[in-house]
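Using the sequences and the hints given, assemble the complete structure.
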Amino acid sequence: EDQVTQSPEALRLQEGESSSLNCSYTVSGLRGLFWYRQDPGKGPEFLFTLYSAGEEKEKERLKATLTKKESFLHITAPKPEDSATYLCAVQGPGANSKLTFGKGITLSVRP
Amino acid sequence: GAVVSQHPSWVICKSGTSVKIECRSLDFQATTMFWYRQFPKQSLMLMATSNEGSKATYEQGVEKDKFLINHASLTLSTLTVTSAHPEDSSFYICSVLWGQQETQYFGPGTRLLVL
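Top to bottom, those sequences are chains A and B.
For the first sequence, the working numbering assigns the number 1 to the initial residue and increments by one for each residue that follows.
For the second sequence, the working numbering assigns the number 1 to the initial residue and increments by one for each residue that follows.
Don't take each hint at face value.
[What the hints assert, rightly or not] Below 30 Å or equal to it, Euclidean Cα-Cα: the simulated BS3-like pairs (lysine-lysine) are:
(1) Lys41(B) to Lys98(A)
(2) Lys98(A) to Lys63(A)
(3) Lys14(B) to Lys66(B)
(4) Lys64(B) to Lys98(A)
(5) Lys63(A) to Lys41(B)
(6) Lys68(A) to Lys41(B)
(7) Lys66(B) to Lys103(A)
(8) Lys41(B) to Lys59(A)
(9) Lys103(A) to Lys20(B)
(10) Lys103(A) to Lys64(B)
(11) Lys41(B) to Lys69(A)
(12) Lys20(B) to Lys42(A)
(13) Lys41(B) to Lys57(A)
(14) Lys63(A) to Lys42(A)
(15) Lys55(B) to Lys98(A)
(16) Lys14(B) to Lys42(A)
(17) Lys64(B) to Lys41(B)
(18) Lys14(B) to Lys64(B)
(19) Lys98(A) to Lys66(B)
(20) Lys98(A) to Lys20(B)
[Claimed, not checked] Calculated from the model, a selection of chain A residues having no Cβ within reach of chain B, i.e. all distances over 12 Å:
(21) Gln14
(22) Ser20
(23) Lys63
(24) Lys69
(25) Ser108
Hints in this document: simulated from the structure, not taken from any laboratory.
Backbone N, C-alpha and C fix where the C-beta goes; we use that ideal spot for every residue, glycine too.
Below, the structure written as structure tokens:
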């Protein structure tokens with residue numbers, strides 16, 4: 001069974017204070033690892049997909065990296081508008097494209 | 001990416017009634033849609049996979065007679081919660097499968113409160 005563990009559960013940063021969010025996963029044959037952002041009371045917003053160890057992707061202040069066991073979402077010089085819950089999900093080898101999600105990391109950035 | 005809408009955005013109903021939630025793909029034809037449920041501070045839990053023109057595939061532990069899914073067209077899937085009870089109160093979110101890389105794009109969600 002695919003498993004995804006995210007840590008820490010919550011993270012409070014000062015504006016400009018860089019940090020990383022961790023996503024550890026167990027899957028028999030990774031097809032893709034996904035990062036989403038979710039604001040309170042809204043559906044998840046797609047950020048990145050990573051497919052193989054060593055791959056990196058960037059978007060504005062966010063950078064996602066992938067190893068064979070975990071993924072990191074690095075946030076550089078965060079701003080208050082980056083405050084949200086960040087979800088990690090894995091897609092296993094099945095043909096049905098199902099995602100298994102972690103519980104998410106709630107990020108708060110203070111001005 | 002894909003644009004997905006849900007209706008209604010929130011609904012309050014009495015215990016024992018049925019509630020229908022719509023999920024629409026606005027800018028492309030979605031062969032596959034997914035329905036999730038999310039409880040406060042919990043992960044998104046997949047309920048079922050909806051395929052256009054065929055029966056939905058339900059995850060283990062999800063009652064198919066209670067959560068009726070209809071994917072009658074390439075732009076619309078509906079989830080009907082039958083005989084709703086307070087424990088069905090949750091945030092229901094749909095997604096569509098988009099592109100060759102099979103990325104899921106999510107709707108804005110529907111908050112259901114059963115009194």
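Results for each hint:
Of the supplied pair hints, the one linking Lys41(B) and Lys98(A) holds, its CA atoms being roughly 21 Å apart against a limit of 30 Å. At most 30 Å may separate the alpha-carbon atoms for a hinted pair to count; Lys98(A) and Lys63(A) meet this at roughly 24 Å. Among the hinted pairs, Lys14(B) with Lys66(B) is consistent with the structure: their alpha-carbon atoms are about 16 Å apart, no more than 30 Å. Distance restraint check for Lys64(B) and Lys98(A): the Cα-Cα separation of roughly 18 Å lies within the 30 Å cut-off, and the hinted pair is therefore satisfied.
Between Lys63(A) and Lys41(B) the CA atoms are separated by roughly 24 Å; this keeps the pair inside 30 Å, and the hint holds. The hinted pair formed by Lys68(A) and Lys41(B) meets the criterion: a straight-line CA distance of about 27 Å does not exceed 30 Å. Pair hint Lys66(B) plus Lys103(A) holds up; C-alpha atoms about 26 Å apart against a cutoff of 30 Å. Restraint check for Lys41(B) and Lys59(A): satisfied, since their Cα atoms lie roughly 26 Å apart, inside the 30 Å limit.
A distance of roughly 27 Å separates the Cα atoms of Lys103(A) and Lys20(B); the hinted pair therefore holds under the 30 Å criterion. The hinted pair formed by Lys103(A) and Lys64(B) meets the criterion: a straight-line CA distance of about 25 Å does not exceed 30 Å. About 24 Å separates the Cα atoms of Lys41(B) and Lys69(A), which keeps this hinted pair within 30 Å; it holds. Pair hint Lys20(B) plus Lys42(A) holds up; C-alpha atoms about 19 Å apart against a cutoff of 30 Å.
Note on Lys41(B) and Lys57(A): the hinted pairing holds, with a Cα-Cα distance of about 27 Å set against a maximum of 30 Å. For the given pair, Lys63(A) sits about 23 Å from Lys42(A) by alpha-carbon distance, which is consistent with the 30 Å threshold. For the given pair, Lys55(B) sits about 17 Å from Lys98(A) by alpha-carbon distance, which is consistent with the 30 Å threshold. With a C-alpha separation of about 24 Å, the suggested pairing of Lys14(B) with Lys42(A) holds against the 30 Å cut-off.
Among the hinted pairs, Lys64(B) with Lys41(B) is consistent with the structure: their alpha-carbon atoms are about 25 Å apart, no more than 30 Å. For the hint pairing Lys14(B) with Lys64(B), the CA-to-CA distance comes to about 21 Å; that is within 30 Å, so the pair holds. The hinted pair formed by Lys98(A) and Lys66(B) meets the criterion: a straight-line CA distance of about 22 Å does not exceed 30 Å. For the proposed pair Lys98(A) and Lys20(B), the alpha carbon gap of about 24 Å is at most 30 Å, so the pair holds.
Its beta-carbon lying about 24 Å from the closest one in chain B, Gln14(A) satisfies the requirement of being farther than 12 Å from that chain. Every beta carbon of chain B lies more than 12 Å from that of Ser20(A), the smallest distance being close to 20 Å; the non-interface claim holds. At roughly 19 Å, the least C-beta separation between Lys63(A) and chain B is larger than 12 Å, which holds for a residue marked as non-interface. Residue placement check: Lys69(A) keeps its beta carbon more than 12 Å from all beta carbons of chain B (closest about 19 Å).
The Cβ of Ser108(A) sits about 14 Å from the closest Cβ of chain B, beyond the 12 Å cut-off, so the non-interface label holds.
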